[in-house]
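Using the sequences and the hints given, assemble the complete structure.
Just so you know, the sequences run in chain order A and B. 401 is the number that my numbering gives the last residue of the first sequence; the numbers go up by one with no jumps. 328 is the number that my numbering gives the last residue of the second sequence; the numbers go up by one with no jumps.
Note that these hints are calculated values from the structure, not bench results. Check before you lean on any hint, since a few could be wrong.
Claimed, not checked - Derived PhoX-like pairs (lysine-lysine); straight-line CA-CA distance at most 20 angstroms:
(1) Lys-290/B x Lys-176/A
(2) Lys-154/B x Lys-84/A
(3) Lys-136/B x Lys-198/B
(4) Lys-176/A x Lys-254/B
(5) Lys-136/B x Lys-154/B
(6) Lys-266/A x Lys-196/A
(7) Lys-196/A x Lys-84/A
(8) Lys-154/B x Lys-176/A
(9) Lys-279/B x Lys-136/B
(10) Lys-145/A x Lys-176/A
(11) Lys-169/A x Lys-259/B
(12) Lys-136/B x Lys-123/B
(13) Lys-279/B x Lys-259/B
(14) Lys-123/B x Lys-254/B
(15) Lys-290/B x Lys-266/A
(16) Lys-106/A x Lys-158/A
(17) Lys-279/B x Lys-123/B
(18) Lys-143/B x Lys-254/B
(19) Lys-158/A x Lys-259/B
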Amino acid sequence: VPPQTPRSLHCSAAAHNSESSLVPGPPEPRRKPIKALSPYEDLFRQAPGVERDKASFVRTVQNFGQHNVHKRGHVDFIYLALRKMREFGVERDLAVYNLLLDVFPKEVFRPRNVFQRIFVHYPRQQECGITVLEQMENNGVMPNKETEFLLIQIFGRKSYPMLKFLRMKLWLPRFKNISPFPVPRDLPQDPVDLAKLGLRRMEPDLSAKVTVYQMPLSKDWTGALDPTQPHIVGIQSPDQQAALARHNPARPVFVEGPFSLWLRNKCVYYHILRADLLPPEEREVEETPEEWNLYYPMQLDLEYARGGWDDYEFDIDEVEEGPVFAMCMAGAHDQATLAKWIQGLQETNPALAQIPVVFRLAGSTGELLTSSPGLEEPARPPPPEGQEEEDTVQRQQQGQS
Amino acid sequence: MALIYKLLNGTYILSKCPKRSTALHPFLGIHFADYCSSSLQKPEAAPGKASSQRKTEGGLQGHHQKEVAVDITSPEEKPEVSFDKAIRDEIKDHFRRLKDEIVNHWIGPEGRPLHEVLLEQAKVVWQFRGKEDLDKWVVTSDKTIGGRSEVFLKMGKNNQSALLYGTLSSEAPQDGESSRSGYCAMISRIPRGAFERKMSYDWSHFNTLYLRVRGDGRPWMVNIREDTDIIQRKNQMYSYFMFTRGGPYWQEIKIPFSKFFFSNQGRIRDVQSQLLLDKISSIGFTLADKVDGPFFLEIDFIGVFTDPAHTEEFAYENSPEISPRLFK
Chain A
1 VPPQTPRSLH
11 CSAAAHNSES
21 SLVPGPPEPR
31 RKPIKALSPY
41 EDLFRQAPGV
51 ERDKASFVRT
61 VQNFGQHNVH
71 KRGHVDFIYL
81 ALRKMREFGV
91 ERDLAVYNLL
101 LDVFPKEVFR
111 PRNVFQRIFV
121 HYPRQQECGI
131 TVLEQMENNG
141 VMPNKETEFL
151 LIQIFGRKSY
161 PMLKFLRMKL
171 WLPRFKNISP
181 FPVPRDLPQD
191 PVDLAKLGLR
201 RMEPDLSAKV
211 TVYQMPLSKD
221 WTGALDPTQP
231 HIVGIQSPDQ
241 QAALARHNPA
251 RPVFVEGPFS
261 LWLRNKCVYY
271 HILRADLLPP
281 EEREVEETPE
291 EWNLYYPMQL
301 DLEYARGGWD
311 DYEFDIDEVE
321 EGPVFAMCMA
331 GAHDQATLAK
341 WIQGLQETNP
351 ALAQIPVVFR
361 LAGSTGELLT
371 SSPGLEEPAR
381 PPPPEGQEEE
391 DTVQRQQQGQ
401 S
Chain B
1 MALIYKLLNG
11 TYILSKCPKR
21 STALHPFLGI
31 HFADYCSSSL
41 QKPEAAPGKA
51 SSQRKTEGGL
61 QGHHQKEVAV
71 DITSPEEKPE
81 VSFDKAIRDE
91 IKDHFRRLKD
101 EIVNHWIGPE
111 GRPLHEVLLE
121 QAKVVWQFRG
131 KEDLDKWVVT
141 SDKTIGGRSE
151 VFLKMGKNNQ
161 SALLYGTLSS
171 EAPQDGESSR
181 SGYCAMISRI
191 PRGAFERKMS
201 YDWSHFNTLY
211 LRVRGDGRPW
221 MVNIREDTDI
231 IQRKNQMYSY
241 FMFTRGGPYW
251 QEIKIPFSKF
261 FFSNQGRIRD
271 VQSQLLLDKI
281 SSIGFTLADK
291 VDGPFFLEID
301 FIGVFTDPAH
311 TEEFAYENSP
321 EISPRLFK
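See the structure below:
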């Protein structure tokens, strides 16, 4: 049974003829609090076969204008349309916003004399116009000349929507490109591509190489392998490879994770392979090699300082943590998947075969873990040569510690 | 704090003012206005009075009416701490701080010799190396307006950094007037001098803010508040964005003070002016990026330094269309 929508007295019957042609849908499940349906909600309900997309939204908005010459209730209709934009997936489409602004009757709300200009002329409509522009701003849509012309036609040059438009034109370009680590608006849907994007973002070294150790199998795979195979994508830079090759096999390396990384509105999880800090006595002192090239210096140590009195260093010991050797993003966070990652890493880092690997996987996603000297569990003695032995010390952290 | 409380209640007993709530409340309102409800409690000199100083959800007024009705000089639960002794200790502490301030004024600004202050080019303002460093910060979320975000602050591993973590929820509270919600903030407490006077930071020799943080890729907003004694100034702040990279590496963020834009009551104003650095009250970090989910931010330290390569005075011009009165 189609719900009883409140009809205004002067509403033309033609506006609701779509209601009779609709197949009555199943009753909506009750939610608390029960919301009353807005007057034009049924205009947005599509026939069962029709998909909710830009074309149907545009059609609905145009239908409102056609059936309702005097455009009664346009404010309510516009508010409802703004709410429904997200369902139809058009909230970032400038043409749709211009079409929505087109619903306003033109030239009626412009102030004609000084008294109308002093007092906010047609405040409800101006508020509605401001709401449309505010939703554009929230979704990062930049208005264009057509929007400006529409606003002038509808509200006049000295109105509040026009003022908001000017402010948008001023501030949105100022903040458009301030992020030093921009993330594209349309994130890739493929998890492997998303992992590659995330790993490239996290690793500051541009010469790092991304390797896909395992691809997720397509859904219609009927082979012997497990169809729910997770993807494993890893990244390692040449400096990290060299550091891992130099690493002392007597000390273990840890696989820590999962840690969360947000890319716009998607959260991905990554694991890292790191070792502890060497105690001060074991740290190697870097030797400055002899200058073997007379044409240009091989090491250039340029500083900001203009003289001896310039000191731009902070008087604090920064937090030091152990070196990170590689990072990976995997579909599953269990030890078997990460073991496959380690095996894949061994191909490019043969030294990893001799080094014991300790898995420290947190039970839930929490903050980045580093070892504190008191809590570390000692790894078993290094394995016999030629064999890789994984010490499976899995410590379940309680919640967010 | 306990001293002021006793003085105020002393006035109540003396004057027997029937409208005690209105008499006390503005006084206390000014005093407590900058303490938001938080999950931390500041350690008090008199632990027995901590319960009366703590902010409850029910609001200041109801709480004080309950407290004032009880006999003030009732014996404490812990017999070894006496209220009067705590008062005396606190008075002595305040006078000592006053003496220090006067003596330090002779040595130089803030007790350091002038040549050191003038030549300084990098200064660590907040560091997180112990629990007492965490007490300088207050943590708020939109729970105060009825939302569902949670935020907590604790020391990170090895007591070497602070970790701000929680969950953001942009579900709007059903109070009929908010259509959007979802924010979490960490604000520094205003530095206090003797007798709880408000002091301020003087960063006029520096021109860049330096933060060593490790985030999870979310964009944060850094807000700087100036001297908040005047009531209009309480809602004004200068802000800019801080983009975290995510990942296991520590990130150094340098934000020049010329990039901060002015906002009042949460809205960017048309008339923009430079952030003046001589009376900074507090700094804060806000997360409000409309994405639901858990977040974390690890902070190593916060400092200010002079970037000699940065010569910009102010990054934003005023527009003659929006604010024509400036261009007459």
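Hint-by-hint comparison with the structure:
Restraint check for Lys-290/B and Lys-176/A: the C-alpha separation of about 17 angstroms stays at or below 20 angstroms, so the hint holds. For the hint pairing Lys-154/B with Lys-84/A, the CA-to-CA distance comes to about 41 angstroms; that exceeds 20 angstroms, so the pair is violated. At most 20 angstroms may separate the alpha-carbon atoms for a hinted pair to count; Lys-136/B and Lys-198/B meet this at roughly 14 angstroms. Restraint check for Lys-176/A and Lys-254/B: the C-alpha separation of about 19 angstroms stays at or below 20 angstroms, so the hint holds.
Between Lys-136/B and Lys-154/B, the direct Cα distance comes to roughly 12 angstroms. Compliance with the 20 angstroms bound is thereby established for this hinted pair. Only pairs whose Cα atoms come within 20 angstroms are accepted, and Lys-266/A paired with Lys-196/A is accepted, the gap being roughly 14 angstroms. Pair hint Lys-196/A plus Lys-84/A does not hold up; C-alpha atoms about 34 angstroms apart against a cutoff of 20 angstroms. Taking the CA atoms of Lys-154/B and Lys-176/A, the gap is about 34 angstroms. The hint is violated against a cut of 20 angstroms.
The straight-line distance between the Cα atoms of Lys-279/B and Lys-136/B is roughly 18 angstroms, inside the 20 angstroms bound, and the hint therefore holds. Between Lys-145/A and Lys-176/A, the direct Cα distance comes to roughly 19 angstroms. Compliance with the 20 angstroms bound is thereby established for this hinted pair. Our distance criterion of 20 angstroms between C-alpha atoms is met by Lys-169/A and Lys-259/B, whose separation comes to about 19 angstroms. For the given pair, Lys-136/B sits about 17 angstroms from Lys-123/B by alpha-carbon distance, which is consistent with the 20 angstroms threshold.
Distance hint between Lys-279/B and Lys-259/B is fulfilled; the C-alpha atoms sit about 18 angstroms from each other, no more than 20 angstroms. A distance of roughly 13 angstroms separates the Cα atoms of Lys-123/B and Lys-254/B; the hinted pair therefore holds under the 20 angstroms criterion. For the proposed pair Lys-290/B and Lys-266/A, the alpha carbon gap of about 12 angstroms is at most 20 angstroms, so the pair holds. Note on Lys-106/A and Lys-158/A: the hinted pairing holds, with a Cα-Cα distance of about 15 angstroms set against a maximum of 20 angstroms.
Between the alpha carbons of Lys-279/B and Lys-123/B the distance comes to roughly 16 angstroms, so the proposed pair stays at or under 20 angstroms and holds. Of the pairs offered as hints, the one joining Lys-143/B and Lys-254/B is violated, with about 31 angstroms between alpha carbons and a cut-off of 20 angstroms exceeded. Restraint check: the Cα-Cα separation between Lys-158/A and Lys-259/B comes to about 30 angstroms, which exceeds 20 angstroms; the hinted pair is violated.
Hint compliance for this structure: hints 2, 7, 8, 18, 19 are broken, all remaining hints hold.
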